[in-house]
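S.K.: Here are the chains, one letter per residue:
2 protein chains.
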Amino acid sequence: MKKILIAGTVAFDEVTTPMGYSGKRLGGSATYLSFAASFFSEQIGIVSVVGNDFPETYLDKFRDRHIDIRGLEISADEKTFYWKGYYYENMNKRDTLVTQVNALEGFNPVVPENFRDADLVVLGNLHPAVQMMVLDQLTRKPELVILDTMNFWMENSLPELKQVLKKADVLMVNEEEIRQLTGEYFIADAVKSVYAMGPEYVIVKQGEYGSLLFTPEGMFSAPAYPVEKVYDPTGAGDTFAGGFVGHLSRYENISVGEMKNAMICGAGMASFNVEGFGTERLEQITLDDIFYRIRNFVEMTRFPMQEEMKLKDER
Amino acid sequence: MKKILIAGTVAFDEVTTPMGYSGKRLGGSATYLSFAASFFSEQIGIVSVVGNDFPETYLDKFRDRHIDIRGLEISADEKTFYWKGYYYENMNKRDTLVTQVNALEGFNPVVPENFRDADLVVLGNLHPAVQMMVLDQLTRKPELVILDTMNFWMENSLPELKQVLKKADVLMVNEEEIRQLTGEYFIADAVKSVYAMGPEYVIVKQGEYGSLLFTPEGMFSAPAYPVEKVYDPTGAGDTFAGGFVGHLSRYENISVGEMKNAMICGAGMASFNVEGFGTERLEQITLDDIFYRIRNFVEMTRFPMQEEMKLKDER
Chain A
305 MKKILIAGTV AFDEVTTPMG YSGKRLGGSA TYLSFAASFF SEQIGIVSVV
355 GNDFPETYLD KFRDRHIDIR GLEISADEKT FYWKGYYYEN MNKRDTLVTQ
405 VNALEGFNPV VPENFRDADL VVLGNLHPAV QMMVLDQLTR KPELVILDTM
455 NFWMENSLPE LKQVLKKADV LMVNEEEIRQ LTGEYFIADA VKSVYAMGPE
505 YVIVKQGEYG SLLFTPEGMF SAPAYPVEKV YDPTGAGDTF AGGFVGHLSR
555 YENISVGEMK NAMICGAGMA SFNVEGFGTE RLEQITLDDI FYRIRNFVEM
605 TRFPMQEEMK LKDER
Chain B
305 MKKILIAGTV AFDEVTTPMG YSGKRLGGSA TYLSFAASFF SEQIGIVSVV
355 GNDFPETYLD KFRDRHIDIR GLEISADEKT FYWKGYYYEN MNKRDTLVTQ
405 VNALEGFNPV VPENFRDADL VVLGNLHPAV QMMVLDQLTR KPELVILDTM
455 NFWMENSLPE LKQVLKKADV LMVNEEEIRQ LTGEYFIADA VKSVYAMGPE
505 YVIVKQGEYG SLLFTPEGMF SAPAYPVEKV YDPTGAGDTF AGGFVGHLSR
555 YENISVGEMK NAMICGAGMA SFNVEGFGTE RLEQITLDDI FYRIRNFVEM
605 TRFPMQEEMK LKDER
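Going down the list, the protein sequences come from chains A and B.
Position one of the first sequence corresponds to residue 305 (the working numbering), numbered consecutively onward.
Position one of the second sequence corresponds to residue 305 (the working numbering), numbered consecutively onward.
Hints listed in this document are in silico derivations from the structure and should not be mistaken for laboratory results.
Keep in mind that the hints are not guaranteed to be accurate.
Which copy is meant is left open, so a pair is good if it fits within one copy or across any two.
Claimed, not checked - The list that follows gives simulated cross-link-like pairs (lysine to any residue, SDA-like), each with its CA atoms no further than 20 Å apart:
| # | residue 1 | residue 2 |
| --- | --- | --- |
| 1 | Lys-496 | Glu-479 |
| 2 | Lys-307 | Ser-497 |
| 3 | Lys-616 | Glu-579 |
| 4 | Lys-533 | Met-395 |
| 5 | Lys-466 | Pro-537 |
| 6 | Lys-616 | Asp-592 |
| 7 | Lys-614 | Met-458 |
| 8 | Lys-365 | Gly-327 |
| 9 | Lys-616 | Gly-511 |
| 10 | Lys-533 | Phe-343 |
| 11 | Lys-614 | Tyr-596 |
| 12 | Lys-445 | Ala-433 |
| 13 | Lys-616 | Tyr-596 |
| 14 | Lys-614 | Gln-347 |
| 15 | Lys-614 | Arg-597 |
| 16 | Lys-397 | Glu-479 |
| 17 | Lys-397 | Gly-511 |
| 18 | Lys-388 | Asp-357 |
| 19 | Lys-614 | Gly-561 |
| 20 | Lys-616 | Leu-462 |
| 21 | Lys-471 | Glu-360 |
| 22 | Lys-533 | Glu-360 |
| 23 | Lys-388 | Glu-447 |
| 24 | Lys-397 | Phe-456 |
| 25 | Lys-383 | Glu-480 |
| 26 | Lys-496 | Glu-532 |
| 27 | Lys-614 | Phe-490 |
Small disclaimer: the values here were computed from a predicted structure and weren't measured.
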């Protein structure tokens, strides 16, 4: 079992989607990441900050999942980061109505002693300078540093982002973001350009259409699991990353094959997440639900030619 | 080897994409469909119409591929159907600049004697009443009727379209089209609604993201093959359908497994098509190119859990 360190936001979210209104509820990248990963591992620590308005019952949600919150600072003077959004019918498009940075302003992350030797590190969406401060506290080079980021940091903190990119093994971005980061329109060109910035692996998230993993050995396409109804896409990317890193934490040897499996686990976790508002579904599902879905998912991707070509190769 | 009958348009196309200008060139749904299928079969007949301005050299392109053009009417008084389009940077969006229906107006399709007992029938994008006239001339029920259509017919000829749907086994549409046809936003709901209209199988095309096959036994997700650069998406859907039906024509028994393989062949053919303007790439590639690409494609979709779960099932 590998130790997973997750840095990101813990927040209050409030969204309206075509399926309804979420209410003000627990959100943030570190929340989705750690909740999803908690189905796979009991050695997860988060680094984040909340404000003096953050309810104890929310802290219990982390504790109940055996997520180590010693790295979750509780600011005495500030309020919790708050985001309010509105999703259009095509839920790929959303507007931000309110962002209150609050306690996250000037956040000085402290990695707890027992997670400074983490094997797997996920840098969820945060200021790249804060992401770097997390890496700087590690006592050894992690096996894998997985980096998420967004357009906002490309526009406002590109030099810092480029520094973090140098230390990242896996970059996880959506199509729009990789285009903006590299200035390349075609994904194949953009990925080559990212390789030159540091990461050896690139995951391009395509929302409801799945995701692509680019590796030195070739690429892999993971579809999205087709859920019946999407209620709220908030946190889908973080949940994907949580399932991805959670799966990898169970294997001694992180091969490209295991990364492909991890993509499917990530997609499976994300598919649950969008079936409800906020963390609603992640709080309901069981390990059995996950096994069952991943089994269905695997069925959905299998076709006879895969087997035929393998047999031909073996002859 | 099964006989394939293809009804659709044979046209002059002229497009501008972010990658350049195509020039006025051979296009049309029956063209892309039959060109793609011709790599898999030598028993293909098309039903279409062109005008008196259609060059003999274009007819030779069909003959060279052993495509039977006895069902291709050459109108003495009319000109060939002409379409001019403009693609935006995101090539999922295009504007039609000019449509000249010409010879296609009042087209009265005649299925040649030797294709009235076709095993596989593809009704490419045409007026649904014309699609029905093709079916009405068949002397026996084909094994599979594959139906393509578009929003225009849903808006203007819905009753006729519903008649054809009753006779179709496979409906092939994109997401926008299936939403419009059924009034359902979520694809799972929309597919159920299509089942009630007739087809037993539904293929939902997602452009650059791949396609989904819905069957009574469950669904299958085929990614798109990631080409380096997209020059012109015109005809990608028809090329997909051509590869799909071409693959199926080689198998005695059309199982769901073979339909999954056919989806991959369709996606492979479509990936070539977008690499050049119009039929440019389809006219360059060889069978070896196709085998090589499909092999890569299969690699790209394989992950260890598929095998692990299969072994578990067998124990």
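S.K.: Take the hints in turn and mark each one as holding or not.
M.R.: Each hint tested on the structure:
In the homo-oligomer, the alpha carbons of Lys-496 and Glu-479 lie at most 20 Å apart inside one protomer (14 Å), although the nearest pairing across protomers, at 31 Å, exceeds that limit. When the C-alpha separation of Lys-307 and Ser-497 is checked against a cutoff of 20 Å, the pair qualifies neither within a copy, at 31 Å, nor between copies, at 47 Å. Taking the shortest Cα distances, Lys-616 and Glu-579 never come within 20 Å of each other, neither inside one copy (41 Å) nor across copies (29 Å). Within a single copy, Lys-533 and Met-395 get their C-alpha atoms as close as 11 Å, which meets the 20 Å cut-off; across copies the closest is 27 Å, which misses it.
Taking the shortest alpha-carbon separations for Lys-466 and Pro-537, neither the intra-copy value of 28 Å nor the inter-copy value of 34 Å comes in at or below 20 Å. In this assembly of identical chains, the alpha carbons of Lys-616 and Asp-592 lie at most 20 Å apart only when taken from different copies (16 Å versus 36 Å within one copy). For the identical chains of this complex, Lys-614 and Met-458 are neighbours neither inside a copy (43 Å) nor across copies (44 Å), given an alpha-carbon limit of 20 Å. With identical chains, the CA atoms of Lys-365 and Gly-327 are at most 20 Å apart within one copy only, with a shortest distance of 18 Å there and 62 Å across copies.
In the homo-oligomer, the alpha carbons of Lys-616 and Gly-511 never lie at most 20 Å apart, since the shortest distance is 35 Å inside one protomer and 31 Å across protomers. Neither within a single protomer nor between protomers do Lys-533 and Phe-343 lie at most 20 Å apart by alpha-carbon distance, with minima of 23 Å and 39 Å respectively. In this assembly of identical chains, Lys-614 and Tyr-596 lie within 20 Å of each other by CA distance solely across copies; the values are 14 Å between and 26 Å within a copy. Only within a single protomer do Lys-445 and Ala-433 lie at most 20 Å apart by alpha-carbon distance; the minimum there is 18 Å, versus 67 Å between protomers.
Taking the shortest alpha-carbon separations for Lys-616 and Tyr-596, only the inter-copy value of 14 Å comes in at or below 20 Å, while the best intra-copy value is 31 Å. In this homomeric assembly, Lys-614 and Gln-347 never come within 20 Å of each other (Cα to Cα): the closest approach is 37 Å inside a single copy and 30 Å across copies. Taking the closest pair of Cα atoms, Lys-614 and Arg-597 come within 20 Å of each other only across two copies (15 Å); inside a single copy the shortest separation is 26 Å, beyond that limit. Both within a single protomer and between protomers do Lys-397 and Glu-479 lie at most 20 Å apart by alpha-carbon distance, with minima of 13 Å and 16 Å respectively.
Proximity of Lys-397 to Gly-511 under the C-alpha cut-off of 20 Å is found in both arrangements, the shortest distances being 11 Å within a copy and 18 Å between copies. Taking the shortest Cα distances, Lys-388 and Asp-357 sit within 20 Å of each other inside one copy (17 Å), while across copies they are farther apart (60 Å). Taking identical chains as interchangeable, the C-alpha atoms of Lys-614 and Gly-561 lie at most 20 Å apart whether they share a chain (15 Å) or sit on different chains (16 Å). Taking CA atoms no more than 20 Å apart as the test, Lys-616 paired with Leu-462 passes in neither setting, with 48 Å inside one copy and 48 Å between copies.
Taking the shortest Cα distances, Lys-471 and Glu-360 never come within 20 Å of each other, neither inside one copy (35 Å) nor across copies (61 Å). Taking the shortest alpha-carbon separations for Lys-533 and Glu-360, neither the intra-copy value of 32 Å nor the inter-copy value of 52 Å comes in at or below 20 Å. For the identical chains of this complex, Lys-388 and Glu-447 are neighbours neither inside a copy (36 Å) nor across copies (54 Å), given an alpha-carbon limit of 20 Å. Proximity of Lys-397 and Phe-456 under a CA criterion of 20 Å is satisfied intra-copy only: 16 Å inside one chain copy versus 26 Å between copies.
Proximity of Lys-383 to Glu-480 under the C-alpha cut-off of 20 Å is found in neither arrangement, the shortest distances being 31 Å within a copy and 43 Å between copies. Taking the closest pair of Cα atoms, Lys-496 and Glu-532 come within 20 Å of each other only across two copies (11 Å); inside a single copy the shortest separation is 36 Å, beyond that limit. In this assembly of identical chains, the alpha carbons of Lys-614 and Phe-490 never lie at most 20 Å apart, being 31 Å within a copy and 36 Å across copies at closest.
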